[in-house]
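S.K.: Protein chains in written order, with the numbering used here: chain A, 1 to 381; chain B, 1001 to 1189.
Bear in mind the hints are in silico, worked out from the structure with no lab data behind them. Even glycine gets a Cβ: it sits at the ideal position worked out from N, Cα and C. Accuracy of the hints is not assured; some may be wrong.
[What the hints assert, rightly or not] Only some residues are given here: those of chain B computed to face chain A with a beta carbon under 8 Å: (1) Val-1020; (2) Lys-1024; (3) Ala-1027; (4) Ala-1034; (5) Thr-1035; (6) Val-1036; (7) Met-1037; (8) Glu-1038; (9) Tyr-1062; (10) Pro-1063; (11) Tyr-1064; (12) Gly-1090; (13) Leu-1101.
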Amino acid sequence: MSGTLTGTHFLTGNDAAAEGAIAAGCRFFAGYPITPSTEVAERISMRFPQVGGSYIQMEDEIASMVAILGASWAGVKSMTSTSGPGFSLMQENLGLGAMIETPTVIVNVQRGSPSTGLPTNVGQGEVMQARWGSHGDYEIIAVSPNSPQECFDLLIKAFNFSEQYRVPTVVLMDECTSHMSEKVVIPEEKDLEIINRKKPTVSPEKYLPFKPDKDMIPPMAVAGDGYKIHVTGLTHNEKGYPVMSAECHEPLVRRLCDKIRNNADKIIMIEEEKTDDAEVIIISFGSVSRSAKTAYKKAREQGIKAGFLRLITIWPFPEKRIEELAKRVKGFVVAEINYGQVVYEVERCSKGKAKIAHVALMGGRLHTPEEIFKGIKEVVK
Amino acid sequence: MRQEIRIAGFGGQGIILAAVITGKAAAIFEGKEATVMENYGPEARGGACSGTIVINDTKVDYPYTTSPDIMAIMNKASYDKFRPELKKDGILLIEEDLVTLDKDDNADVYKIPATRFAEEFGNKIVANIIMLGFMTGVTEFVSFESMKSAILSSVKPRFKDLNDKAYNRGYEFGKMSRRAGKERRSKNR
Chain A
1 MSGTLTGTHF LTGNDAAAEG AIAAGCRFFA GYPITPSTEV AERISMRFPQ
51 VGGSYIQMED EIASMVAILG ASWAGVKSMT STSGPGFSLM QENLGLGAMI
101 ETPTVIVNVQ RGSPSTGLPT NVGQGEVMQA RWGSHGDYEI IAVSPNSPQE
151 CFDLLIKAFN FSEQYRVPTV VLMDECTSHM SEKVVIPEEK DLEIINRKKP
201 TVSPEKYLPF KPDKDMIPPM AVAGDGYKIH VTGLTHNEKG YPVMSAECHE
251 PLVRRLCDKI RNNADKIIMI EEEKTDDAEV IIISFGSVSR SAKTAYKKAR
301 EQGIKAGFLR LITIWPFPEK RIEELAKRVK GFVVAEINYG QVVYEVERCS
351 KGKAKIAHVA LMGGRLHTPE EIFKGIKEVV K
Chain B
1001 MRQEIRIAGF GGQGIILAAV ITGKAAAIFE GKEATVMENY GPEARGGACS
1051 GTIVINDTKV DYPYTTSPDI MAIMNKASYD KFRPELKKDG ILLIEEDLVT
1101 LDKDDNADVY KIPATRFAEE FGNKIVANII MLGFMTGVTE FVSFESMKSA
1151 ILSSVKPRFK DLNDKAYNRG YEFGKMSRRA GKERRSKNR
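Next comes chain A alone, as it looks inside the complex (with noise of 0.2 Å):
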């Protein structure tokens, strides 16, 4: 049943990223309801039904988190939603989740944090726990949208990033994103582009579940299809089978974190404007970019030349792109509602070759503009 609302709304980011949810094809949600993601749960609930669609309210965020795997493996595109509390909740699965290679999205709202923190404000803590969060060496793909408009389009990404590589892909909003209404278009079906997972062309005999193909992706059968499964979160073999040696579980892992760096560039995107001669670049996400975006205009008008970097993509993060910057910059702007996240990343991408000024802010509200325009000042004087 198609379901793309097709048309220009004024819609709350998270209603909008309901819908793109419902546009990608996802039919299957799994969750518990937490402010500030509550109505995306509920959007959901509502519009589920319309496109023949299944909504379970779960009794926890750990079981919502292993539902949605499952109803992968079932073969319809899954995801949840939550927020802090909820998402440290999800992690152990979401671990399994990369280790079986599940195509599911996440999208977690983040608030004022740490614990239960500030409900119903803005906070930025999850970038590093979106992506360390579970134990072990695996990647997974973050995105953050800073618009209703994009909380629909990035949703979308998500789901065709967690198709095309079979893994977990977080979607980082924040709550001024969420409770945020702007325009959002929504395209015809036909003019969105979907992907799909591969399926197994060989026969039920040749299968094996997780044998990849050049690309490092394995094809993926689903319960019910004819073809022989079996899922562990134990190292395993191409066949799914248990094998607990050293032999066994270097390429595996190797692969499961190659996968996705091996594919970083076609997997990053970034904004950018003004980078091209500038001395002093900001550097920011989510909500905070477009704080972001008023405090560079406003250095320019002042000569000051500054440009204005936002991670759309946050992980894999755009290394190759910040060392090359850092080469040639005075300095950045790390601008994010956290104590210290972001920025590390970009310390350890500069490698030292760039001036960097931190603005943090430990949540509640978004940065003004005036605030971001003190660190540009420090990193040009």
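Got chain A sorted already, so can you dock chain B onto it with the hints?
M.R.: Just chain B now, with coordinates in the frame of chain A:
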């Protein structure tokens, strides 16, 4: 040109809906860019509640208001909290039965008994729509038609008639107040 509006009152007065409708009028029916932000506490009813709208010809960057050009205030607590933000020469609209102005307030003020008018329609829930009519009538920040379309496309079908009447009542009162305000100001000159 960037234009900022704040609508504020207590939870249950339909403040957030009024803000979203305002943004919709500008963004969908006038073809401009508009960003609406909501602000409220954890209470379902009561408590401070406000919505801000930034309207611009091009995309809105910083999404919050800093000194609103227009403020529609529906209770005293919001007046006390937000009045200092109002831009110099900004327009202040108040629900006159629920807001007492400070004696020294020299803002360009327009008053309406929105809740009383709503009760005349048998439903005080439309006080917010009366206020939107009033705001449109006084300031013409969007056209009569744009605001009307935004309202009617945002309410349930069975309430369209009621909201239409409420909107017209507020708008007419706004036009009248505007004329009176102009006379008042020219006399003072």
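S.K.: It remains to establish, for every hint, whether it holds in the given structure.
M.R.: Outcome of the hint check:
1. With its C-beta approaching chain A no nearer than about 5 Å, B/Val-1020 sits inside the 8 Å limit, and its interface hint holds.
2. With a cut of 8 Å, the hint placing B/Lys-1024 at the interface with chain A holds, because the nearest CB-to-CB distance is about 4 Å.
3. At about 4 Å, the closest approach between the beta carbon of B/Ala-1027 and any beta carbon in chain A falls short of 8 Å, and the interface hint on this residue holds.
4. Taking 8 Å as the C-beta contact cut-off toward chain A, the hint placing B/Ala-1034 at the interface holds, the least distance being around 7 Å.
5. For B/Thr-1035, the suggested interface contact is upheld, since its CB lies about 5 Å from the closest CB of chain A, less than 8 Å.
6. Checking B/Val-1036 against chain A by beta carbon gives a least distance of about 4 Å; that is within 8 Å, so the hint holds.
7. Because the beta carbon of B/Met-1037 sits about 6 Å from the nearest beta carbon in chain A, less than 8 Å, this interface hint is met.
8. At about 5 Å, the closest approach between the beta carbon of B/Glu-1038 and any beta carbon in chain A falls short of 8 Å, and the interface hint on this residue holds.
9. Using the Cβ-Cβ criterion of 8 Å, the hint placing B/Tyr-1062 at the interface with chain A is satisfied: the shortest such distance is roughly 4 Å.
10. Satisfaction of the interface hint for B/Pro-1063 is found here, the shortest Cβ-Cβ separation to chain A being roughly 6 Å, below the 8 Å cut-off.
11. Given the 8 Å rule on beta carbons, the hint for B/Tyr-1064 holds: about 7 Å separates it from the nearest Cβ of chain A.
12. The interface hint given for B/Gly-1090 is broken, as the beta carbon of that residue sits about 20 Å from the closest beta carbon of chain A, more than 8 Å.
13. The criterion of a C-beta within 8 Å of any C-beta in chain A is not met by B/Leu-1101, whose closest approach is roughly 29 Å, and the hint is violated.
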